[in-house]
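J.: Residues per chain, in single letters:
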Amino acid sequence: MTTPWAIVWPLALGAIAIYMLLPRPKPFPTLIGGATAGAALLLAGFLLIRTEAISPENVLFYCFSGIALAAGGSLVTQQKPAYAALSFALVVLSTCGLFLLQAAPFLMAATIIIYAGAIIVTFLFVLMLSQQDGPSDADDRSREPLLSTIAGFVLLGALLYVLSISITAPSVDPAFAPFLERARAAAKEETPEQIASTLGGTKFFQEFEKAVYEFRETINDKQAAAGLETFREQLEGELRGDWQKAETTREAAPMRAALTKVDEAAAQARQAFAASAFARTAQAMQPPADTLPLSPFSGPPSNRPIARDARGDAALPAANVEALGRSLYTDFLLAVELGGTLLLVATVGAIAIATRHGERQS
Amino acid sequence: MTPLSLHNYLIVGAALFALGAIGFLTRRNLIIMFLCAEMMLQGVALNLVAFSRSWGNMQGQAFTLFVVTVAACEAAIALALFLVLFRYRRSLDVSLWQDLREPDQEATVDDESLPEAPKEEPMPRLTPAGHEPKRPQETSPV
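Chains as they are written, first to last, in my numbering: chain W, 3 to 364; chain C, 102 to 243.
Honestly, I wouldn't trust all of these hints.
Restricting the straight-line Cα-Cα distance to at most 30 Å, the calculated cross-link-like pairs of lysine-lysine (BS3-like) are [stated by the list, open to error]:
| hint | chain 1 | residue 1 | chain 2 | residue 2 |
| --- | --- | --- | --- | --- |
| 1 | W | LYS82 | C | LYS220 |
| 2 | C | LYS220 | W | LYS28 |
| 3 | W | LYS190 | W | LYS247 |
| 4 | W | LYS205 | W | LYS247 |
| 5 | W | LYS28 | W | LYS82 |
| 6 | W | LYS247 | W | LYS263 |
Here are some, though not all, of the chain C residues that point toward chain W, as calculated from beta-carbon distances under 7 Å [stated by the list, open to error]:
| hint | residue |
| --- | --- |
| 7 | VAL113 |
| 8 | ALA115 |
| 9 | ALA116 |
| 10 | ALA119 |
| 11 | LEU120 |
| 12 | ALA122 |
| 13 | LEU126 |
| 14 | ILE133 |
| 15 | MET140 |
| 16 | GLN143 |
| 17 | TRP156 |
| 18 | ALA176 |
| 19 | ALA181 |
| 20 | LEU184 |
| 21 | GLN206 |
Bear in mind the hints are in silico, worked out from the structure with no lab data behind them.
Just so it is clear, the structure is predicted and the values come from calculations on it, not from any experiment.
Don't be surprised by glycine CBs; every beta carbon is placed ideally from N, CA and C.
Produce the entire structure from the sequences given, and follow the hints as far as they go.
T.: Below, the structure written as structure tokens:
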């Protein structure tokens, strides 16, 4: 996602589709609404979802999330309650697929079992209460379809925008580090020829500039990107010119001075970037101080360094049920007891509500 | 470090939540409103599981179990309420209960009339053919 405006297009299309498909006495053609919804989904997958390679995991992610969102849209716009319950079953099943991709097999199984029961009971209620022939007020009208569609999609847009500014890579260090190391290593060499060969000549500046450009493209904040752009222009013009001048003198001292200048300019760009509002927002996502005594029973505490793989995920224990059980009966023991009490109270409440008061006497 | 997978799952979770919110606000059938609320909970559960994966920590998954517990309680209470509400008005339409609204709110009036239900065609009948044979009158020997 290069700019925050990339969020707008799929959301606008989705809002139009949902508005057209919502039930009303004189409906819009279903085909047009469905096509708009499909276009919105495809556009969202293309613009918002970031994947690097085609791997089985990514393909499964696309399938499950696409089915979940399509079934969710159909649940919202479906006129017949029985079909809506079927769509909900599809939403639950594909969410369970996503749980499995996120290394939560126990939750997948538990959710399927629990919601299978819930959906069957819903079907029972649909058959019992919603049997009617022809259109009805309940199923063929919507309350304020325009306003609620706008409200929902503005909420979604706000969520996605906050996500896009808070979760992108906030540090310039990974982009800068290899080049600065090379420049420092070159400055330590003895002869001018060695300095030039360690650095790689003017090619170094081209590569550095390309790396800065690519990093800038991932930043969707104007102020932060402007600082990086200044540094990139410096690399392209001034700094590279200095180096070329120093190289023609064939002496070590001016070459070292040119490299020190690169180092200083990089440090300045780094500071300017860190001071931007964008980087400060990202800083707020940092884990708590490591002096806090956090419980180790649910996995490594979040204030310890965590090893992440290339996708940004940390390792979870393979024995999922065991780890979940340990977490539940150490950290969350009180919550488990409260959950049990809540279930009991809900059962008593449901029976008390549904009993006919006249019949209780007899 | 770009947490790619976390970012993608959070987007899907947010989208499920927003769709459920739209459905809850705009639909009038009690059962569909209930299903939409459940879908919002699914979006939240997806968020929690994704964070659990990203931090290598079981707290998110434990929290999801509690979300499912509360969803089960909600389902029990909600379905019992639907039964009672249906007994009073013989319909699942939530707008029939709009006299519970705030005093300064205007009532919702349905202007457009619903389309007529397509009339069911009567079953085809065969035209009688031939004539009924006369049976001899049965007589009792008694």
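J.: Would you settle whether the hint for C/ALA176 is holds or violated, based on the nearest Cβ-Cβ distance to chain W being less than 7 Å?
T.: holds, 5 Å
J.: Using 7 Å as the Cβ threshold, decide whether C/VAL113 counts as touching chain W.
T.: holds, 4 Å
J.: Let's test the interface hint: is any C-beta of chain W closer than 7 Å to that of C/ILE133?
T.: holds, 5 Å
J.: Holds or violated: are the alpha carbons of W/LYS247 and W/LYS263 at most 30 Å from each other?
T.: holds, 13 Å
J.: Double-check C/GLN206 for me: the hint is only fine if its C-beta lies closer than 7 Å to a C-beta in chain W.
T.: This hint is violated: C/GLN206 lies away from chain W, its Cβ roughly 12 Å from the closest one there, beyond 7 Å.
J.: Take a quick look at whether W/LYS190 and W/LYS247 sit within 30 Å of each other, Cα to Cα.
T.: Holds: W/LYS190 and W/LYS247 sit about 19 Å apart, inside 30 Å.
J.: Is C/LYS220 within 30 Å of W/LYS28, Cα to Cα?
T.: holds, 18 Å
J.: Holds or violated: the hint that C/ALA116 contacts chain W, with Cβ atoms closer than 7 Å.
T.: holds, 6 Å
J.: Just to be careful: measuring from the Cβ of C/TRP156 to every Cβ in chain W, is the smallest value less than 7 Å?
T.: Cβ of C/TRP156 sits 6 Å from chain W, so the hint holds.
J.: Report holds or violated for the interface hint on C/ALA181, using the least CB-CB distance to chain W and a cut-off of 7 Å.
T.: holds, 4 Å
J.: Hey, does the C/LEU126 contact hint survive, CB to chain W under 7 Å?
T.: holds, 4 Å
J.: Verify the interface restraint on C/LEU184: the C-beta must sit less than 7 Å from at least one C-beta of chain W.
T.: holds, 5 Å
When the structure is compared with the earlier hints, a violation turns up for hint 21 alone.
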